[in-house]
Amino acid sequence: MRIPISALIGLFMTASFFLIAIFAPWIAPYGMAEVVGAVWEPRSAEHLLGTDNIGRDLFTRMIYGGRTTIVIATFATILSFTLGSFLGFTAAVIGGWVDQVMSRLVDLLMSIPTLIFALVVLSVMPVTLPVLILVMGLLDSTRVYRLSRAVAVDINVMDFVESAKLRGEGRMWVIFREILPNALSPLVAELGLRFIFAVLFLSTLSFLGLGVQPPASDWGGMVKENKEGIVFGIGAALYPAAAISVLAISVNLVADWVLNRTSDLKGGRGG
Amino acid sequence: MLGDGVRLVMNSIWILLAQRIALGLLLLLAVSVLIFVGTQILPGDVAQSILGQSATPVALANLREELGLNDPAYVRYLSWLGGVLQGDLGTALSNGQNISEQIGKRLGNTLFLAFWAAVVAVPLAILLGLMAVRYRNRWPDKLISGMTLASISLPEFFIGYVLIFFFAVKLRWFPSVATVYDSMSLLEKLNAIALPVTVLTLVVLAHMMRMTRAAILNVMQSAYIETAELKGLSAFDVIFRHAFPNAISPIVNVVMINLAYLVVGVVVVEVIFVYPGMGQYLVDHVAKRDVPVVQACGLIFAAVYVGLNLIADVVAIVSNPRLRHPK
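Taken in order, these protein sequences are the chains called B and G.
Using our numbering, you'd call the opening residue of the first sequence number 75 and step up by one each time.
Using our numbering, you'd call the opening residue of the second sequence number 33 and step up by one each time.
Some hints here could point you the wrong way.
To be verified - To give an idea of the interface, some chain B residues facing chain G are shown, with a C-beta separation under 10 Å as derived from the structure:
hint	residue
1	A112
2	P116
3	L196
4	I229
5	E236
6	I270
7	S277
8	K298
9	S324
Keep in mind that the hints were calculated from the coordinates and are not lab data.
Here the structure is a predicted model, which is why all the values come from computation and not from measurement.
Glycine residues also receive a C-beta, built at the ideal position from the N, C-alpha and C atoms.
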């Protein structure tokens, strides 16, 4: 099996991001909320990327910010996958009105732009980490639902599923032992795209001030913190924004390769 | 005979259209319910969020009474919907302003921005898509896949701030803040929104371009294209005169879907460029927990989105030759 060079680069970069996220406290030279210098100091030997809007080390903030972004996005992806695929498989296996009701509900949820609906919900919910993960995971599970339902509908009519049903296996057996193992490969390809969506979505919410709340900060929140510097020619906000882009591109390169290997299912940007 | 046949065909198109439009209206109604439910029946308490954790029970009870929170949910929904249908979006909790008036001013600005982004992005995407077909499997194709990768990976604020950093701050070609007033001339306004329009264009360009390319390539496999090629027509004639007209339906469809995305992408872009539009208004009032404003803006954004998707479907029905000439 030959892995294309772009996928290798993507894999290497993605792995690096995750390693940095895991070992953040050992890598970061300063404390996350520690004020160590003047406001927006330029790059120097002590501060590799300079300092931020209140004099914290930007390099340190980048490492911790990446950790926050990656951890929250991972949890949201896990939630959307577990929920979306379980409901999608269930709808496909049970069929009938259960399938109809669930699918029409998902159609309805998907007819509202995700960002708009998230803003509506966040206007009444307290903006805490569990709420963020829940909102992101729930809204994104609609896409996983559609994919896993479509995949499961095809598998559901295969002989081995028929025989499992005929020998009297319960629905849970059919879902977890017959359908799930056979639906894994298209779902794995989708996993990367959903993770990117979660990263971009969380960053956007935090950039709008409705995601991770200070003093904790993810990359999107760091863009917000430092954006006032841009008009003075201080590029501090560009580093976290670039980091989000590089992470998304890296995961995309891997996802593209997996997608090309499995099928032509392709996710868009998703309003 | 012929007349009857044509009438029959027209009837079936009308029936399809009527069905699709009725479905769209039903969807809008359901969307309004969902937006209402999203803000009203969730565990969060509006009165509590306005007054904060330290509010006294008496103050809470008074505010609940004032906001009509003691009525059953469906009564509140119906009175809200009734108001919306008459153009009354209620008053903002945070400053008591009339929401319809506020939105009226800002909706125009947002549509102005989205309109110019569409004016730039749509012809550019179609032209580049055609070029990509003409030079398929060569470097323009590689460029397209690269741009697609970038456009689904880069957040709007990255593109936005990079443009501000280089074109507004370093080169001073454009203002960094896109403020528009009524007294500005069109040219001044266009200069002010040049950078936000560029961001929006870049965000939707790649997808439209790729879909245009795919739609035309699909048509290029037909027998009549081969005939045109064998007649000795130039590659551009084949693409423009024979392939493009037959690919219009899928292209219009993807354009509409991207315009729908544009209307949402505008939210973030307005915040980046401090542009006085609907998106900025919505985001400000989410932070203030001003539920009536959020509901109104959410409903309008969702309605535009649903509407553009509806138009996409209608265009697909009308321009589908198989529906016009059924066997």
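Here is how each hint holds up against the structure:
Residue-level restraint check for B/A112 is violated (minimum Cβ-Cβ distance to chain G is 21 Å; threshold 10 Å). With its C-beta approaching chain G no nearer than about 15 Å, B/P116 sits outside the 10 Å limit, and its interface hint is violated. For B/L196, the interface hint holds, since its Cβ comes within 10 Å of a Cβ in chain G; the closest pair sits about 6 Å apart. For B/I229, the shortest C-beta to C-beta distance to chain G is roughly 28 Å, which exceeds 10 Å, and the interface hint is violated.
Evaluation of the B/E236 hint against chain G yields a violated restraint, the C-beta minimum of about 35 Å exceeding 10 Å. Annotation: interface hint on B/I270 holds; nearest CB of chain G at approximately 7 Å, less than 10 Å. Using the Cβ-Cβ criterion of 10 Å, the hint placing B/S277 at the interface with chain G is satisfied: the shortest such distance is roughly 5 Å. Taking 10 Å as the C-beta cut-off, the interface hint given for B/K298 holds, the closest approach to chain G being about 9 Å.
Annotation: B/S324 was flagged as interfacial toward chain G, and the flag holds, the nearest CB pair being 9 Å apart, inside 10 Å.
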